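For the record, the sequence lines run as chains U, F, E, Y and R. Going by this note's numbering, the first sequence opens with residue 80, and the numbers climb by one from there. Going by this note's numbering, the second sequence opens with residue 80, and the numbers climb by one from there. Going by this note's numbering, the third sequence opens with residue 80, and the numbers climb by one from there. Going by this note's numbering, the fourth sequence opens with residue 80, and the numbers climb by one from there. Going by this note's numbering, the fifth sequence opens with residue 80, and the numbers climb by one from there.
Read the hints as simulated data drawn from the structure, not as lab findings. Just so you know, these numbers come straight off a predicted model, no measurement behind them. Heads up, some of the hints might be wrong.
[Stated by the list, open to error] Residues of chain E placed beyond 10 Å of chain Y at every Cβ, according to the derived structure:
1) R338
2) A357
3) L394
[Stated by the list, open to error] The list that follows gives simulated cross-link-like pairs (lysine-lysine, DSS-like), each with its CA atoms no further than 25 Å apart:
4) K151/R with K151/U
5) K151/Y with K169/Y
6) K169/R with K151/Y
7) K169/E with K151/E
8) K151/U with K100/F
9) K422/Y with K151/E
10) K169/F with K151/E
11) K169/E with K422/Y
12) K151/F with K169/E
13) K422/U with K169/R
14) K422/R with K169/Y
Glycine is no exception: its CB is placed at the ideal position from the N, C-alpha and C atoms.
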Amino acid sequence: MAFKAYYLSPDGYLHRDLSEKEVREAFQSNEGLLWVDICETTMEDAEFLVRNFGFHRLAIEDCVSTLIHAPKIDDFGDHLFIIVHGINHKGESDIVETAELAIFIGPHFVVSNHNESLYSVDSIVNLVERDARPMKRGADFLAYVLIDSLIDNVLPTIDRMSDVADDIDEEVIRNPQQSTLEAILKLKRSVLRVHRVMAPQREVLNRLSRREFSIIEEEARIFYRDVYDHIVRIEDLGQSLRDQADNALATHLSSVANRQNETMRVLSTVATIFLPLALVAGIYGMNFEYMPELGWHWGYFAVLGFVGAVIVTVLSWFWARKWIAWSRRQVTRVRPFAVEPDKLVSYIDQMRKWSHL
Amino acid sequence: MAFKAYYLSPDGYLHRDLSEKEVREAFQSNEGLLWVDICETTMEDAEFLVRNFGFHRLAIEDCVSTLIHAPKIDDFGDHLFIIVHGINHKGESDIVETAELAIFIGPHFVVSNHNESLYSVDSIVNLVERDARPMKRGADFLAYVLIDSLIDNVLPTIDRMSDVADDIDEEVIRNPQQSTLEAILKLKRSVLRVHRVMAPQREVLNRLSRREFSIIEEEARIFYRDVYDHIVRIEDLGQSLRDQADNALATHLSSVANRQNETMRVLSTVATIFLPLALVAGIYGMNFEYMPELGWHWGYFAVLGFVGAVIVTVLSWFWARKWIAWSRRQVTRVRPFAVEPDKLVSYIDQMRKWSHL
Amino acid sequence: MAFKAYYLSPDGYLHRDLSEKEVREAFQSNEGLLWVDICETTMEDAEFLVRNFGFHRLAIEDCVSTLIHAPKIDDFGDHLFIIVHGINHKGESDIVETAELAIFIGPHFVVSNHNESLYSVDSIVNLVERDARPMKRGADFLAYVLIDSLIDNVLPTIDRMSDVADDIDEEVIRNPQQSTLEAILKLKRSVLRVHRVMAPQREVLNRLSRREFSIIEEEARIFYRDVYDHIVRIEDLGQSLRDQADNALATHLSSVANRQNETMRVLSTVATIFLPLALVAGIYGMNFEYMPELGWHWGYFAVLGFVGAVIVTVLSWFWARKWIAWSRRQVTRVRPFAVEPDKLVSYIDQMRKWSHL
Amino acid sequence: MAFKAYYLSPDGYLHRDLSEKEVREAFQSNEGLLWVDICETTMEDAEFLVRNFGFHRLAIEDCVSTLIHAPKIDDFGDHLFIIVHGINHKGESDIVETAELAIFIGPHFVVSNHNESLYSVDSIVNLVERDARPMKRGADFLAYVLIDSLIDNVLPTIDRMSDVADDIDEEVIRNPQQSTLEAILKLKRSVLRVHRVMAPQREVLNRLSRREFSIIEEEARIFYRDVYDHIVRIEDLGQSLRDQADNALATHLSSVANRQNETMRVLSTVATIFLPLALVAGIYGMNFEYMPELGWHWGYFAVLGFVGAVIVTVLSWFWARKWIAWSRRQVTRVRPFAVEPDKLVSYIDQMRKWSHL
Amino acid sequence: MAFKAYYLSPDGYLHRDLSEKEVREAFQSNEGLLWVDICETTMEDAEFLVRNFGFHRLAIEDCVSTLIHAPKIDDFGDHLFIIVHGINHKGESDIVETAELAIFIGPHFVVSNHNESLYSVDSIVNLVERDARPMKRGADFLAYVLIDSLIDNVLPTIDRMSDVADDIDEEVIRNPQQSTLEAILKLKRSVLRVHRVMAPQREVLNRLSRREFSIIEEEARIFYRDVYDHIVRIEDLGQSLRDQADNALATHLSSVANRQNETMRVLSTVATIFLPLALVAGIYGMNFEYMPELGWHWGYFAVLGFVGAVIVTVLSWFWARKWIAWSRRQVTRVRPFAVEPDKLVSYIDQMRKWSHL
């Protein structure tokens with residue numbers, strides 16, 4: 080049973096490290112603001128929550144269970160139960176993992192549950208320990224601070240994914256390998272996973288920022304709206320990453336096909352040059368009794384010259400048809416979409432319509 | 080006619096193994112809770128239902144017919160008719176099969192129909208036999224317990240699919256074969272099938288957990304909401320499996336292309352080395368009378384040396400260009416998306432905005 | 080002018096083969112139930128409908144025109160005009176074709192139009208001829224019987240498509256050819272076509288089963304709802320077929336790529352073995368004056384032995400690397416998704432939550 | 080300033096070729112029906128419209144501008160401004176182009192604008208010139224006739240695209256080339272373009288056929304509904320074309336892959352036959368002093384026989400494995416989806432359910 | 080602190096370059112129209128806005144932050160806060176970048192913020208400096224002019240992208256390279272980015288043009304509707320570009336496959352011709368003692384003739400089968416979709432239905 084409890088009494092004094100009895104008293108006083116934060120919620124904690132707060136057992140079960148729960152709001156009349164997801168920054172998998180935060184919000188209390196310790200919650204704990212500021216504007220505001228912090232902590236991971244995507248973009252042109260493909264696919268799955276928790280969260284925050292729940296007061300709603308906007312931004316960035324990954328995939332496949340093409344050209348070139356010449360040599364290696372050329376004094380040198388000439392000619396011809404390239408350097412023509420200022424100005428003039436000026 | 084009937088009379092006594100007459104009396108008493116469970120519903124059962132309960136013939140037809148029926152709710156005013164799907168754990172096909180459960184819910188009765196015996200219903204029967212607990216909270220709660228048990232039994236199959244997906248992920252890198260492709264495609268079809276029954280079920284449970292049907296009382300609705308949440312979770316897990324299968328497919332195709340590429344390189348390397356050398360040998364095998372080199376004492380050894388030198392040179396060159404690799408081992412660079420704690424802290428500081436603190 | 084007209088007078092007597100005058104009288108009596116069925120509607124029939132029923136010319140035009148009309152309901156206040164689609168079982172195209180049925184429903188009449196003779200309508204005609212039963216429950220019920228029969232007749236075609244899909248599944252693994260691809264694509268187009276008429280029909284039936292049209296009475300609505308459910312089932316089956324066809328396509332493409340791979344391997348193997356050996360033979364065929372090995376007694380046999388040894392070694396090596404396979408038999412490992420009963424039971428126990436029992 | 084103006088006065092007389100003054104008088108009379116049709120609307124026309132009709136400058140700007148405007152309805156209270164699209168039958172691009180028709184509809188006037196001359200408008204002009212019939216039922220009906228004519232003129236183009244699609248279907252099997260691919264892609268883009276103007280138009284016509292605008296009277300609405308149905312049909316036909324083009328694309332790619340496969344097989348066959356035989360010939364061309372076979376009398380013929388035997392054997396073996404085919408003819412097995420009548424009848428019997436007859 | 084402030088007093092006089100004090104006075108007068116434009120908003124500007132206008136800190140934060148914010152409207156009761164996006168014409172990336180404009184609109188003031196200098200805002204500044212016209216119709220109209228100018232400035236970039244797409248279309252047929260692929264993918268990402276900012280903007284403008292916000296007066300709404308129409312047009316153009324890019328991608332991949340095919344054919348042709356001939360030469364190079372042909376006088380010339388005949392025959396055969404082409408020119412058959420006028424006329428006649436004329 081590892082919970083931290085803070086109580087800001089109506090006189091503005093912050094009580095720390097409350098015992099179970101103090102928590103119950105604070106809860107029943109219906110004044111001030113009580114915050115209980117439980118990390119790695121156990122069955123014991125569950126009983127504690129039932130005993131003191133009377134929350135619904137299904138909601139508590141969601142806190143205890145280590146399964147993943149989709150973001151949602153349950154309205155229990157006198158309090159809300161919210162599940163939101165952020166990034167599990169301690170996960171060690173190759174694919175981004177999410178972390179859940181379950182929050183009960185009442186008029187005078189906030190109870191937060193999470194199965195891993197979260198940087199975002201820790202940072203709020205630190206703020207509260209210092210000067211209790213996040214608790215001074217009420218339960219809805221404290222819940223907002225927790226959710227906002229969780230959501231904003233997704234951005235560093237998006238940044239990291241963006242760096243990885245740029246690495247891949249470079250590697251896919253320079254030196255595409257099977258491992259590049261795997262990196263692309265892992266990136267895609269990570270982006271999809273972030274998308275999949277953000278999409279329902281958008282709806283959750285949208286509902287919180289509307290007039291739907293009386294516990295969220297007018298003043299706090301605009302802050303929830305701001306979190307909503309951040310989720311929209313995260314989704315946009317995720318979409319861009321997905322496009323980038325899709326393009327990297329297309330480039331990868333094309334690079335692989337190109338290399339195979341190149342291999343085939345080398346083979347064809349070699350065969351086209353040497354098979355006919357081998358025939359020539361083979362012919363003069365035949366043992367017919369009457370082969371006049373064999374007696375010619377310069378016959379051998381004529382053949383040698385012919386062989387040399389053919390090799391040079393065919394290579395030049397293939398070179399001219401761009402079949403074979405000595406170097407791999409490819410100049411990618413940049414086609415910036417930027418429009419020149421003077422062209423823009425002429426557009427602007429044209430757009431200055433007679434209709435409304 | 081193989082039905083099991085239980086009647087919990089208002090005095091809390093559980094009557095077991097009711098006869099048709101007792102069933103009719105219990106139904107007409109409009110008190111207590113009657114539960115009739117029919118496995119492998121026959122025409123005889125159908126007549127039984129019409130005779131005693133007066134259900135609509137179309138609904139009964141859905142129970143009797145062995146065709147698949149999509150999940151739905153039909154509201155007959157004084158009772159509901161619900162069809163939900165779980166997994167048919169006894170199916171032996173390579174592709175996941177679903178099992179139907181059709182339930183009539185009235186204020187004082189529940190009639191459940193299924194064409195195969197279901198583990199989930201069996202387990203509820205056991206509970207009822209023991210102490211009748213699932214029947215003590217009314218018809219809506221008993222129906223919930225049946226549906227919840229059916230839906231939760233989907234999770235073991237999802238787990239199994241997840242194991243198969245992990246196996247495939249490994250095989251697709253280690254040793255991709257045509258059979259791997261088939262396994263991927265079967266997994267995908269199974270995931271799609273689960274998705275296709277879960278999606279409409281989400282809607283069914285959503286309606287049951289709203290205030291739409293008076294038979295489902297306020298208190299029970301939150302439990303139906305919980306089943307809804309479970310379906311959402313199953314859908315999320317299914318989506319992840321689908322992403323995994325899609326990635327396995329992409330990796331498979333890329334592996335196959337890579338192997339072909341490798342084959343081509345071996346061929347090209349061999350041809351590039353030996354065709355020119357064969358020409359050299361062919362030239363010195365010509366029968367011209369005047370070929371000065373043939374008389375040179377070390378001519379033969381010069382040619383042998385040249386041949387050896389060319390082979391070594393070309394192989395080294397290809398090796399340097401990474402055209403040929405002696406071993407297949409590929410080190411997949413792991414790029415974890417985890418962000419370092421100190422970087423996170425600096426983000427958090429940056430995010431502590433002047434605007435709201 | 081080939082119409083069949085039946086009139087069930089209020090006294091329960093069925094009049095057959097009505098003349099135009101009798102039809103008009105029956106229509107104007109506003110009693111009983113008049114059914115006029117027109118096959119291959121001509122301009123003459125159109126005039127007949129305008130003259131006697133006063134239907135809107137646009138609706139009649141839809142009946143006459145042989146173009147395809149999307150499923151729809153037009154509400155003309157005192158009667159409905161409905162277009163629904165079934166399968167044209169007489170079509171001979173490789174791709175499934177649909178057949179239209181246009182129905183006018185009034186309080187005391189049903190007028191059905193179709194451009195081809197339909198098995199489903201014929202079967203209702205037979206029923207009516209026998210004992211008039213489908214007409215005894217009113218116009219809305221007769222219309223339902225017509226529509227239900229049309230929709231149910233889609234199922235045999237779905238079955239046939241399913242058989243074709245299974246054939247393809249087998250062929251695509253055993254012996255994929257260009258014609259297999261064409262069969263897959265035709266199947267997909269057929270499925271899409273069925274989907275494309277069923278999707279709007281779902282909406283049509285949904286509207287008919289709601290309280291939207293007063294001509295459809297409460298009692299009949301549940302039957303329309305049943306047709307709606309059948310359409311949902313057809314759509315589900317169609318979706319499964321589409322998945323199957325998509326998988327067959329993926330398997331086909333992969334099989335083709337595999338065969339090409341195999342071809343390349345044969346080529347590479349042959350070249351890798353014989354090009355170097357040809358060089359050896361070529362070298363000993365050179366005409367240098369001083370080639371000591373040529374004088375060795377066992378030189379020739381040494382070369383023969385070397386050639387044999389190389390062939391055996393390389394083939395064994397490729398064999399060990401699984402590059403070449405003597406037989407094509409591939410054992411597809413079956414991975415059933417079925418979960419063992421005892422594992423299931425442990426899941427069920429785990430799921431028996433403390434929260435609600 | 081090239082406008083045509085017609086005025087049908089309340090007494091039923093049609094005035095032709097009105098001057099600007101007459102147009103203004105007709106407009107201000109608020110009686111009868113005035114139709115002004117402007118082709119290639121210029122700034123001068125724009126001033127004319129402002130001066131005499133007082134239309135909003137933004138709407139007029141849409142008429143003058145040669146940019147493409149999406150279909151829409153603007154409701155200006157006493158009149159509507161509608162933009163609809165048809166096909167530009169005079170376009171010469173490889174990709175279908177659309178043509179705009181902008182219509183102002185008031186209670187007693189219709190003003191139509193288009194930047195190209197349109198066959199559909201011309202045909203209505205002809206009808207009006209003849210007997211003024213399209214103008215006799217009011218402004219909403221005249222507008223309907225214009226829109227209906229424009230939309231129906233899309234069908235010939237759909238027909239043409241369908242012919243092209245059938246051509247492609249044949250060519251893609253008979254003789255697929257790069258130009259076939261381009262034809263497929265152009266067809267797809269054309270279909271998409273038609274779809275992209277039809278989709279919003281569906282919404283426009285839907286709104287016109289509802290009770291939304293008082294200018295469109297009850298009686299005319301059903302005609303607008305009919306145009307809506309035509310658009311639905313065009314969309315359906317377009318969808319079928321798109322499926323056909325997608326299939327043609329898949330077949331094309333598969334054909335190309337097949338041909339490459341065939342090329343590889345020829346190569347492999349040739350190499351497999353001749354490389355080993357060349358080795359045999361090379362071995363007997365070696366100059367070892369002691370090669371007993373060389374002295375055998377029938378040695379040479381034995382080698383010749385061996386060579387012939389190998390060629391015949393390998394070719395037969397490849398032939399048996401279907402690696403090589405002498406002719407390209409492929410019998411495509413037709414798998415009609417049609418169900419046999421007797422099978423259908425048995426289905427129908429089975430479907431005649433006990434529940435409702 | 081780099082802001083430009085204009086104040087149009089109620090007497091129609093334009094005050095330029097207001098100091099902070101004048102701005103505050105103008106704001107508090109609640110008359111006339113105050114416009115403050117801030118480029119590269121700093122924390123100092125933020126304090127300025129809080130001090131003088133009392134805007135919400137979250138809104139100001141959106142102005143200051145250089146992160147990307149999705150288009151949105153926040154309604155603060157007495158003023159609106161709008162974020163819209165245009166093109167950043169100064170961006171130098173290969174992929175189109177967007178630029179944000181954040182606008183506060185009150186009854187008597189407009190405050191615009193942007194982090195880069197924008198051509199569109201500059202042009203409005205110029206107009207205001209000249210004769211204050213854009214300010215004479217109120218705050219809602221000024222805001223419209225700013226947004227309209229921003230959106231219209233997207234068109235030159237769309238034009239530029241269209242030019243690039245046409246270039247690519249040509250290059251992809253003429254000379255497809257890896258760099259072509261990259262250009263296609265960059266174009267696609269640019270189109271997607273434009274789409275991704277335009278889609279939510281459509282919603283923003285839709286809301287502004289409805290009766291939702293009292294600050295936007297009836298008269299101005301139709302202008303906002305016009306901007307909405309422009310966004311729809313930009314989206315349509317973007318969609319066309321996307322289709323074009325997708326087609327270019329398909330053509331590119333097909334071209335690459337075709338070239339590989341061609342390479343393989345050259346190789347196969349060479350091998351098919353020269354490997355058998357080399358065998359012939361090899362056979363006559365064998366050293367058997369008894370080879371009767373070797374003694375024939377014309378034997379050598381017979382072999383030479385045979386070699387020549389084979390080469391000519393095989394090349395002709397391949398040529399006839401279209402395996403090899405001397406030139407690369409491919410005549411793309413144009414299949415215009417235009418329908419001939421007379422065919423159209425017959426359609427039109429057919430469409431002149433009896434039903435409504």
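Going down the list of hints, with the structure as the test:
1. At the 10 Å boundary, the C-beta of R338/E falls inside the reach of chain Y, the nearest C-beta of that chain being 7 Å off.
2. Against the 10 Å criterion, A357/E falls within the reach of chain Y, whose nearest CB is about 5 Å from its own CB.
3. Here L394/E stays apart from chain Y, with its beta-carbon at least about 12 Å from theirs, past the 10 Å limit.
4. For the proposed pair K151/R and K151/U, the alpha carbon gap of about 24 Å is at most 25 Å, so the pair holds.
5. Distance hint between K151/Y and K169/Y is fulfilled; the C-alpha atoms sit about 24 Å from each other, no more than 25 Å.
6. The suggested pairing of K169/R with K151/Y is violated, with an alpha-carbon distance near 34 Å, which exceeds 25 Å.
7. Of the supplied pair hints, the one linking K169/E and K151/E holds, its CA atoms being roughly 24 Å apart against a limit of 25 Å.
8. Our distance criterion of 25 Å between C-alpha atoms is broken by K151/U and K100/F, whose separation comes to about 47 Å.
9. Of the supplied pair hints, the one linking K422/Y and K151/E is violated, its CA atoms being roughly 30 Å apart against a limit of 25 Å.
10. Restraint check: the Cα-Cα separation between K169/F and K151/E comes to about 43 Å, which exceeds 25 Å; the hinted pair is violated.
11. Between K169/E and K422/Y the alpha-carbon distance is near 13 Å, which keeps this suggested pair within the 25 Å criterion.
12. In summary, the hint linking K151/F to K169/E is not supported, as the alpha carbons are separated by about 34 Å, beyond the 25 Å threshold.
13. For the given pair, K422/U sits about 13 Å from K169/R by alpha-carbon distance, which is consistent with the 25 Å threshold.
14. Proximity of K422/R to K169/Y is assessed by CA-CA distance (about 13 Å); at most 25 Å being required, the pair is judged to hold.
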